[in-house]
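Protein chains: 2
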Amino acid sequence: MKNADPALASARGATPMVVYHALRALIVRGQLAPGSRIVETEVAARLRVSRTPVRGALQRLAHEGYIVDSVSLQQSRPTVAPLTREDALELFSIVGEIEGLAARSASSLPVAQREALVRELTSINARFERASRARVPKHDLIYELDEQFHRRYVERAAGPRLRALHDAVKPQAERYERLYVSLLSRDLAPSVQEHSAIIAAIASADPDTAQRAVQVNWRNAAARLGQVITNVGERGQW
Amino acid sequence: MKNADPALASARGATPMVVYHALRALIVRGQLAPGSRIVETEVAARLRVSRTPVRGALQRLAHEGYIVDSVSLQQSRPTVAPLTREDALELFSIVGEIEGLAARSASSLPVAQREALVRELTSINARFERASRARVPKHDLIYELDEQFHRRYVERAAGPRLRALHDAVKPQAERYERLYVSLLSRDLAPSVQEHSAIIAAIASADPDTAQRAVQVNWRNAAARLGQVITNVGERGQW
DNA sequence: GCGTACAAAACTGTATACAATTTTCCTGGA
DNA sequence: TCCAGGAAAATTGTATACAGTTTTGTACGC
Numbered sequence: 030m031k032n033a034d035p036a037l038a039s040a041r042g043a044t045p046m047v048v049y050h051a052l053r054a055l056i057v058r059g060q061l062a063p064g065s066r067i068v069e070t071e072v073a074a075r076l077r078v079s080r081t082p083v084r085g086a087l088q089r090l091a092h093e094g095y096i097v098d099s100v101s102l103q104q105s106r107p108t109v110a111p112l113t114r115e116d117a118l119e120l121f122s123i124v125g126e127i128e129g130l131a132a133r134s135a136s137s138l139p140v141a142q143r144e145a146l147v148r149e150l151t152s153i154n155a156r157f158e159r160a161s162r163a164r165v166p167k168h169d170l171i172y173e174l175d176e177q178f179h180r181r182y183v184e185r186a187a188g189p190r191l192r193a194l195h196d197a198v199k200p201q202a203e204r205y206e207r208l209y210v211s212l213l214s215r216d217l218a219p220s221v222q223e224h225s226a227i228i229a230a231i232a233s234a235d236p237d238t239a240q241r242a243v244q245v246n247w248r249n250a251a252a253r254l255g256q257v258i259t260n261v262g263e264r265g266q267w
Numbered sequence: 030m031k032n033a034d035p036a037l038a039s040a041r042g043a044t045p046m047v048v049y050h051a052l053r054a055l056i057v058r059g060q061l062a063p064g065s066r067i068v069e070t071e072v073a074a075r076l077r078v079s080r081t082p083v084r085g086a087l088q089r090l091a092h093e094g095y096i097v098d099s100v101s102l103q104q105s106r107p108t109v110a111p112l113t114r115e116d117a118l119e120l121f122s123i124v125g126e127i128e129g130l131a132a133r134s135a136s137s138l139p140v141a142q143r144e145a146l147v148r149e150l151t152s153i154n155a156r157f158e159r160a161s162r163a164r165v166p167k168h169d170l171i172y173e174l175d176e177q178f179h180r181r182y183v184e185r186a187a188g189p190r191l192r193a194l195h196d197a198v199k200p201q202a203e204r205y206e207r208l209y210v211s212l213l214s215r216d217l218a219p220s221v222q223e224h225s226a227i228i229a230a231i232a233s234a235d236p237d238t239a240q241r242a243v244q245v246n247w248r249n250a251a252a253r254l255g256q257v258i259t260n261v262g263e264r265g266q267w
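Chains as they are written, first to last, in the working numbering: chain X, 30 to 267; chain Y, 30 to 267.
Don't take each hint at face value.
Below 20 Å or equal to it, Euclidean Cα-Cα: the simulated EDC-like pairs (lysine to aspartate or glutamate) are [unchecked claim]:
(1) Y:Lys-199 with X:Glu-93
(2) X:Lys-199 with Y:Asp-196
(3) X:Lys-199 with Y:Glu-93
(4) Y:Lys-167 with Y:Glu-203
(5) X:Lys-199 with X:Asp-235
(6) Y:Lys-199 with Y:Asp-169
(7) Y:Lys-199 with Y:Glu-176
(8) X:Lys-199 with X:Glu-93
(9) Y:Lys-199 with X:Asp-196
(10) X:Lys-199 with X:Glu-176
(11) X:Lys-199 with X:Glu-173
(12) X:Lys-167 with X:Glu-203
Hints listed in this document are in silico derivations from the structure and should not be mistaken for laboratory results.
Could you build all of it, start to finish, from the sequences and the hints given here?
Structure (structure tokens):
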């Protein structure tokens with residue numbers, strides 16, 4: 030079999046990415062429970078590809094922390110990484126550092142670009158607040174808006190290396206962020222406030238304050254999430 | 030051929046790591062010049078293994094930034110990543126953020142552990158100073174001591190996530206750090222000073238100052254390196 | 001002499017065969 | 001009933017064949 034499903038491998042070299050995204054989506058949304066064993070041949074069979082591209086995808090997922098290799102003396106047995114309180118706390122503080130550095134750069138942007146950015150952030154935060162006030166909160170929308178807010182100033186101000194680092198680390202927080210909005214969608218007012226503080230610091234071209242505001246935002250989010258996460262993640266269903 | 034050279038693949042599953050370390054060493058030390066094309070079959074032939082483990086090693090190197098895929102419409106042609114001034118500046122500032130966070134944690138360590146750490150750092154920095162004062166500077170030794178200094182407080186204070194992030198990012202700086210000590214081995218006094226400042230902050234349990242001291246150390250190193258790096262890296266010989 | 005076109009070589013992507021090891025499960029005995 | 005032993009199944013690691021694409025080299029025409 031040279032190419033069982035051309036629709037899946039249309040672009041030659043895209044197959045590992047397809048596998049990667051498929052698996053990542055399952056993990057991030059909790060449909061592949063933490064602790065689950067992942068078997069190369071199973072994935073390969075389900076996606077109608079050989080084990081070779083699956084291996085590439087698994088390696089990437091492992092490098093990014095979505096799956097861990099449960100040691101077995103010789104062979105590596107990939108399993109979905111668990112969700113723990115400690116992991117969330119540490120990951121959020123790391124994201125805070127990275128995005129804090131980006132916010133520092135954003136505060137040193139030329140006036141025109143900075144003001145444009147401030148307008149964008151203000152708009153996104155307003156939509157975020159509206160979404161969080163909805164009687165029936167749309168978790169996907171809330172997640173997307175929060176994500177957009179942070180990504181915006183990173184994209185506008187960070188250099189390629191920092192952006193690469195952000196791209197490498199931030200997606201790992203998605204599992205916890207989705208957990209956050211689904212568990213705390215009733216009390217997102219503090220987030221809105223903290224976003225405003227970030228905007229204000231960038232608007233007044235105050236790098237130190239901006240960096241600190243971002244770090245505080247993530248530290249607080251981690252604290253809030255930490256109070257409700259215990260043992261929720263391990264169950265793999267939410 | 031099942032296993033051409035058992036000495037290279039003794040531990041079953043270790044082959045990709047052997048290939049990885051071999052290639053990484055060549056890249057980091059500049060023997061594989063920036064811009065060089067890397068050919069799977071060549072590496073496989075030279076190390077007497079098949080392309081499969083080579084592929085794994087290349088994927089990892091690509092993920093870690095040592096090699097980039099020079100796009101060619103369809104196929105990915107792996108080439109050794111270039112050394113540029115901008116890359117060094119950004120990379121060092123990122124390392125500063127990560128290690129700064131670790132230093133912050135180190136400053137909050139229990140007294141006993143903190144004092145033990147301070148003693149270790151003081152000793153390493155003393156040896157670093159002696160090495161830097163030598164009439165004929167041993168670049169490898171200087172690099173090792175500087176590396177040790179920073180790794181020590183990260184190992185002692187950082188959580189698993191931060192350490193994983195550090196492990197992922199820091200090695201990429203090795204290329205530039207070696208360049209640094211080889212180009213600036215005559216003027217390492219500022220580094221010694223900055224290390225002392227870091228130690229003092231940790232000793233007095235002052236997280237903010239410790240974090241800032243680490244960031245300053247890396248920012249200054251980047252600035253010093255930036256002044257001499259231009260166009261040196263691209264040539265691939267030093 | 002230079003450029004273009006065509007052929008050949010090189011190289012990567014994918015699939016698959018095979019080996020080695022680990023896990024599972026069944027059977028027999030205490 | 002429970003535990004031990006062992007065989008079979010499962011799973012990963014490695015090698016290699018094959019296909020498709022890109023690059024290279026050469027020869028021919030201008």
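Hint check:
In summary, the hint linking Y:Lys-199 to X:Glu-93 is supported, as the alpha carbons are separated by about 16 Å, within the 20 Å threshold. Only pairs whose Cα atoms come within 20 Å are accepted, and X:Lys-199 paired with Y:Asp-196 is accepted, the gap being roughly 17 Å. Of the pairs offered as hints, the one joining X:Lys-199 and Y:Glu-93 holds, with about 16 Å between alpha carbons and a cut-off of 20 Å not exceeded. For the suggested pair Y:Lys-167 and Y:Glu-203, the alpha carbons sit about 16 Å apart, so the restraint of at most 20 Å is met.
At most 20 Å may separate the alpha-carbon atoms for a hinted pair to count; X:Lys-199 and X:Asp-235 exceed this at roughly 24 Å. Of the pairs offered as hints, the one joining Y:Lys-199 and Y:Asp-169 holds, with about 17 Å between alpha carbons and a cut-off of 20 Å not exceeded. Distance check on the hinted pair: Y:Lys-199 and Y:Glu-176 sit about 10 Å apart at the alpha-carbon level, within 20 Å; holds. A C-alpha spacing of about 10 Å is found between X:Lys-199 and X:Glu-93, which places the hinted pair at or below 20 Å, so the restraint holds.
Straight-line distance between C-alpha atoms of Y:Lys-199 and X:Asp-196 comes to about 17 Å, which keeps the hinted pair within the 20 Å bound. Under the criterion of a C-alpha separation no larger than 20 Å, the hint pairing X:Lys-199 with X:Glu-176 is consistent with the structure, at around 10 Å. Our distance criterion of 20 Å between C-alpha atoms is met by X:Lys-199 and X:Glu-173, whose separation comes to about 13 Å. Proximity of X:Lys-167 to X:Glu-203 is assessed by CA-CA distance (about 16 Å); at most 20 Å being required, the pair is judged to hold.
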